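Colleague: Given next are the chains, with one letter for each unit.
Protein chains: 2
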Amino acid sequence: MRVVQKYGGSSLKNMEYIDAVAKRVHQTAEAGHAVVVVVSAMGDTTDELVDRAQQVDGLKTARNLDFLLATGEMQSAALMAMALTRHGTRAFALMGGQAGIRTDSQFGQARITGVDAEALERLLAQGVTPVVTGFQGISPDGAVTTLGRGGSDLTAIALASAIQADSCEIYSDVPGVFTADPRIVPNAKALASLSYDEMLELASQGAQVLQTQAVLYARQSGVTVNARSTFEEGPGTRIETEQAEFNTLVTAVALDTHLTKIGLVGVPDRPGVAALACEKLAQAGINIDLVFQALSHDDARADIALTVADRDRDRAVRICQQTLGELGGSALVVDADIAKVSAVGAGVRNHVGVAATLFRALADAHINIQMIGTSEIKISCIVARSDAERALNQVHHAFRLDGKD
Amino acid sequence: MRVVQKYGGSSLKNMEYIDAVAKRVHQTAEAGHAVVVVVSAMGDTTDELVDRAQQVDGLKTARNLDFLLATGEMQSAALMAMALTRHGTRAFALMGGQAGIRTDSQFGQARITGVDAEALERLLAQGVTPVVTGFQGISPDGAVTTLGRGGSDLTAIALASAIQADSCEIYSDVPGVFTADPRIVPNAKALASLSYDEMLELASQGAQVLQTQAVLYARQSGVTVNARSTFEEGPGTRIETEQAEFNTLVTAVALDTHLTKIGLVGVPDRPGVAALACEKLAQAGINIDLVFQALSHDDARADIALTVADRDRDRAVRICQQTLGELGGSALVVDADIAKVSAVGAGVRNHVGVAATLFRALADAHINIQMIGTSEIKISCIVARSDAERALNQVHHAFRLDGKD
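These protein sequence lines are chains A and B, in that order.
Heads up, the first sequence is in this note's numbering, so the first residue is 1 and it goes up one at a time.
Heads up, the second sequence is in this note's numbering, so the first residue is 1 and it goes up one at a time.
These are computed hints drawn from the structure, not numbers from a lab.
Mixed in with the good hints, there may be bad ones.
Where chains are identical, the list cannot tell them apart; a pair therefore holds if satisfied intra-copy or between any two copies.
List time: in silico DMTMM-like cross-link candidates among lysine to aspartate or glutamate, alpha-carbon distance up to 20 Å [stated by the list, open to error]:
1) K23 <-> D312
2) K189 <-> E240
3) K13 <-> D57
4) K23 <-> D387
5) K23 <-> D57
6) K13 <-> D51
7) K280 <-> D269
8) K13 <-> E48
Source: prediction; values computed, not measured.
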């Protein structure tokens, strides 16, 4: 079997952790599997390097920043290769570019343009275990590029696709994808499997197990991903092509508390008004999560509500203030005390009852729904921040994700 | 003008130092010069990385160790390029291999096999200042190699030769090469210039300004090196092809206190005995500095004395003990309380009076000479360790290096 194993920073906090991971990889290699290891930087290394760069020039030179950040993964790859060699598995550390990951020249957020598996194939044929730095590649003119934060998952999946690995295992400090965040919903359960699309919705709803770009690449290349814990045995969660038996109503629920609601009150009720507000935000690179338009008490006027990520709040408010002025609206309302509860599942599209079950569960718990958004496989509700954890538990229970009636 | 400037770790201790160096480079670039910068790792970074590797596998995997150590120079190169860019000089960080330094595959002590100036020429033509990681290159199969500790000087000189630079400036925390170590000889003076050969003798006698391999490369390629201080203005010392006016008797004096004398007492006085002892040490990779054979009191017997570096002492003693047994000698004497005083100068070869002046100076100071060694441009004497500093001052004065009669 060919296996790609990716270990994140929380699995590589210090030398003891590196040694424990090396032992695990060594056992896989000893069992006769050909292993390619992908590593992130140790613990907080990347943040420390970003801090140093910030001191020097405020992060303005993306090319040199990529060159700097690459050293974090290089150090963990070298130490991992040494630890593996000591355990008896011959291993070489490789930079992303040396492992064949070619990208465009968008420093800081480079896109993979191709993967040349030749170097990895040559090492595997020699019985050497390649240890590849995650999150980086090489530009057409030979410069070091990075794929953006969290891009080590993408490296692992791209390499798994290129060498036609039987399995791509993404190790972190959680044992897989859960029906809900177990810190909030104590009886959440680990899922055996879910589809790429479900994982995408969950990733964008705040589940941190896999990075969105990585899931997209896996879906496109058909790589089955296995999310597992570095610290526990257990099968983990398979992320794969949608299976017939996936047609359960709802697979998991998610909570996002990093959202702000902005309301434009009393704007003219004519076609295109909401579109105008959205366009101006889009031009500034701000993603709108949900948008909702309602008639105001005054018949000729309407209210528009939209949600943006907290990190975009200040810029979004400025833009909306300006839009409100241009439209002649009456007031801007900003509310950061909100949360979004989402139910995700391949069954959502075929079962009209899902929305009803969700609304009933919240109504029964006297939780007010402020806004609603839907996609093919997801329904989301905006609720008050103070109701968030209770809402998530209610919905989790209503869809019987805890296995109780 | 084309200039290569190399800055060592002591010039790059922290962010403030990096910024000060960047300012200096920026001024050179502003003055219209094309600059290539070569940097070492910041302060103690390399030692810290070696410590970490030692924890993992005791430094056994040279290839992975080189990959790890390369990150030290990469970090300082990236931060330097950022600082330069902030000052207004556009700069890119480059790994040794990206800058065209090709080596063999002797990880940890790779030799430069060629330099491809294309990447540097392309950047210089675009008005970009390349900041190159010192002490590293790329092997024929694309792996990161290091040139060995101190190899950043070699990187600078090799690049200066490849781009036909007008000047190769090696910056450190001392303002050049002195007539003697100023910490021992207070009235030592900085030299305006000296020859490659003189620098080689001084480097091997413990002067730390330039690494031996780097001087050899400079001599072979004819690059004039300028050793200067990062922290003071001043012309520094030129290291260049021997000039006619160099024929002063002695250019500088040097002291080496890291030597051990080993005496094999009472070995048979027959041809080849000293050679046998030397051969066995050479086979073990131990360098013999001086060797001396004298008749013993017993006419059929001789004494052999030789000096080795302190770091080789234990192994050398073991080998000499064995040799002594094979030869049927009577005793082994080990003396670590010695020092070597050397007078170096292109004039040594032409002036018979140099040796006499040296011996007279030591005799006048009642300093006993234990052994003598000579080369084309150097005379060395072994003295007691307790006499070392006094001997150096005496000899420095005897050759009028302090400018006094």
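Colleague: All the hints need checking, so say for each whether the structure fits it.
Modeller: Quick rundown of the hints versus the structure:
1. Taking identical chains as interchangeable, the C-alpha atoms of K23 and D312 are never at most 20 Å apart, the minima being 43 Å within one chain and 36 Å between chains.
2. For a Cα distance limit of 20 Å, the shortest separation of K189 from E240 inside one copy, 19 Å, qualifies, whereas the shortest one across copies, 74 Å, does not.
3. Only between protomers do K13 and D57 lie at most 20 Å apart by alpha-carbon distance; the minimum there is 18 Å, versus 28 Å within a single protomer.
4. For the identical chains of this complex, K23 and D387 are neighbours neither inside a copy (45 Å) nor across copies (56 Å), given an alpha-carbon limit of 20 Å.
5. Taking the shortest alpha-carbon separations for K23 and D57, only the inter-copy value of 13 Å comes in at or below 20 Å, while the best intra-copy value is 41 Å.
6. When the C-alpha separation of K13 and D51 is checked against a cutoff of 20 Å, the pair qualifies both within a copy, at 18 Å, and between copies, at 17 Å.
7. In this assembly of identical chains, the alpha carbons of K280 and D269 lie at most 20 Å apart only when taken from the same copy (18 Å versus 99 Å across copies).
8. Proximity of K13 to E48 under the C-alpha cut-off of 20 Å is found in both arrangements, the shortest distances being 14 Å within a copy and 17 Å between copies.
Violation of the numbered hints given earlier is confined to hints 1, 4; the remaining hints are satisfied by the structure.
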